[in-house]
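Respectively, the protein sequence lines represent chains A and B. Adding 160 to a residue's 1-based position in the first sequence gives its number in the working numbering. Adding 160 to a residue's 1-based position in the second sequence gives its number in the working numbering.
One should not assume that every hint holds.
Copies of one chain are not kept apart here, so a pair can be met inside one copy or by any two copies together.
[Unchecked claim] List of simulated lysine to aspartate or glutamate pairs, EDC-like, C-alpha gap at most 16 Å: (1) 400 / 224; (2) 400 / 297; (3) 400 / 351; (4) 400 / 358; (5) 400 / 344.
Calculated directly from the structure, the hints in this document are not laboratory data.
There are 2 protein chains.
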Amino acid sequence: MLDNIRIVLVNTSHPGNIGASARAMKTMGLAQLYLVQPRDYPNAEATARASGADDLLARAVVCDDLDSALAGCRWVVGASARLRTIAVPLLLPRDCAGQARQECEQGEVALLFGREQSGLSNEELDRCHALVHIPTDAAYGSLNLAMAVQVLAYELRMAHLDDDWQPPPEIGEHTPLAEVDEVERFYAHLEQALTELEFLDPANPRQLMRRLRRLFNRVRLDRNEVNILRGILSAAQQAKGGGRP
Amino acid sequence: MLDNIRIVLVNTSHPGNIGASARAMKTMGLAQLYLVQPRDYPNAEATARASGADDLLARAVVCDDLDSALAGCRWVVGASARLRTIAVPLLLPRDCAGQARQECEQGEVALLFGREQSGLSNEELDRCHALVHIPTDAAYGSLNLAMAVQVLAYELRMAHLDDDWQPPPEIGEHTPLAEVDEVERFYAHLEQALTELEFLDPANPRQLMRRLRRLFNRVRLDRNEVNILRGILSAAQQAKGGGRP
Chain A
161 MLDNIRIVLV NTSHPGNIGA SARAMKTMGL AQLYLVQPRD YPNAEATARA
211 SGADDLLARA VVCDDLDSAL AGCRWVVGAS ARLRTIAVPL LLPRDCAGQA
261 RQECEQGEVA LLFGREQSGL SNEELDRCHA LVHIPTDAAY GSLNLAMAVQ
311 VLAYELRMAH LDDDWQPPPE IGEHTPLAEV DEVERFYAHL EQALTELEFL
361 DPANPRQLMR RLRRLFNRVR LDRNEVNILR GILSAAQQAK GGGRP
Chain B
161 MLDNIRIVLV NTSHPGNIGA SARAMKTMGL AQLYLVQPRD YPNAEATARA
211 SGADDLLARA VVCDDLDSAL AGCRWVVGAS ARLRTIAVPL LLPRDCAGQA
261 RQECEQGEVA LLFGREQSGL SNEELDRCHA LVHIPTDAAY GSLNLAMAVQ
311 VLAYELRMAH LDDDWQPPPE IGEHTPLAEV DEVERFYAHL EQALTELEFL
361 DPANPRQLMR RLRRLFNRVR LDRNEVNILR GILSAAQQAK GGGRP
């Protein structure tokens, strides 16, 4: 199960944190490390801090953008140090690990960690199905990046070891959930169609696409649903084009 | 309760680990740091890695021997990387934290962390009422000292917060959820628009509306979202009608 979990570090500043994160992961049996635009990598400090986990660094996938790092994922969780006003579920690490255990029986799961100073951007948070918050002390919340990776990796491992745990019986249809890149193509289609319908003004988009992303990220679309929605968009585009096929 | 818990680092080699441990403690609300014969302390690297937790370092109690560090303690637990053949209870971090919570209602509790390379000596282990073991991967158990402090401090904090901690209710947007009759009017509008777009054939509706209902019922639409979706439907109807308002 832990093989289906990837740790995605976004735009990390300090190479030492990358190395320490790799070590933290390996102690807990995690192996999939993705680095999105690391500031300074590869780097000797990363290798030094990785200690005996340098094989994870050697196999780390360095990505130019978040899309590549999330391709093929079924469930995306963002680590958030702040309690944000965003309408996605906010989980404690233990609950996050429990849900990850369920999700990764059926597909890939990504845990996103943002920049040391500023965390994840709003655009990156909009890619998340849930946020996970390590409940730090109110007086001092300055948890080091690699320490946060360690705590979440530890909870993932504990969920993995928990022999008593049973996944609840599946309810409803068994159509597989759409992967994040399929859903991204739906968003691109949606934006294009709304522009053609003149419902979205690219010069003044306001919060429209963000609100729609939040809505559909909550729903966890399956593949049939993505196909239905894209069919509706195509029908609307065709109507706007005057009935041409 | 957390004020009654002391973290005791025995004979630590790397001052960076002392600083990182102080930072780990402070993020989790722990404040009592004891250092037994640190190899190289005080040290600039310790201060640097402590980041904003340098006040914990300033107040740290440096001891010549373990006896001084344990004076006044009621319950002593040693962190053990290896599964030792020693006749004291071996606890998982969560159980250790649960017991610590009980113990420290009545007195002081100490968590002992040994040397980076060799852990605690047999003599030091003999001072412990229990051992706590972080269940690392069998293939790679090289957990960094400060990471071990972070994981145990995290579990102590979770035991402390236990049922009291709730994500603040103000998380998320405050737009009220749509009531069922508003959502029903949206479904009626959706069915009408899909019929006009010739995406839905009333003579052969198959399961389309049922599938769309399932999708939007999962999402729990709020009022803004209902308005946005109905706006999109109106734009599509207008497009089909040839641009008439």
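Quiz item: When no copy is named, should residue 400 and residue 344 be tagged within, between, both, or neither for a Cα gap of at most 16 Å?
Solution: For residue 400 and residue 344, neither the intra-copy (23 Å) nor the inter-copy (26 Å) Cα distance is at most 16 Å.
Practice problem: Have a look at residue 400 and residue 351 and pick one of within, between, both or neither, based on CA distance no larger than 16 Å. | Solution: The answer is within: 15 Å in one copy meets 16 Å, while 18 Å across copies does not.
Quiz item: Checking residue 400 and residue 358: alpha-carbon separation at most 16 Å within a copy, between copies, both or neither?
Solution: Intra 10 Å, inter 13 Å, cutoff 16 Å: intra and inter.
Quiz item: Given identical chains, is residue 400 near residue 297, meaning Cα to Cα at most 16 Å, within a copy, between copies, both, or neither?
Solution: neither (55 Å within a copy, 57 Å between copies)
Exercise. Measure nothing new, just compare the shortest in-copy and cross-copy C-alpha distances for residue 400 and residue 224 to 16 Å and report within, between, both or neither.
Key: Classified as neither: same-chain Cα gap 36 Å, cross-chain 41 Å, threshold 16 Å.
The structure is inconsistent with the numbered hints 1, 2 and 5, although it conforms to all the rest.
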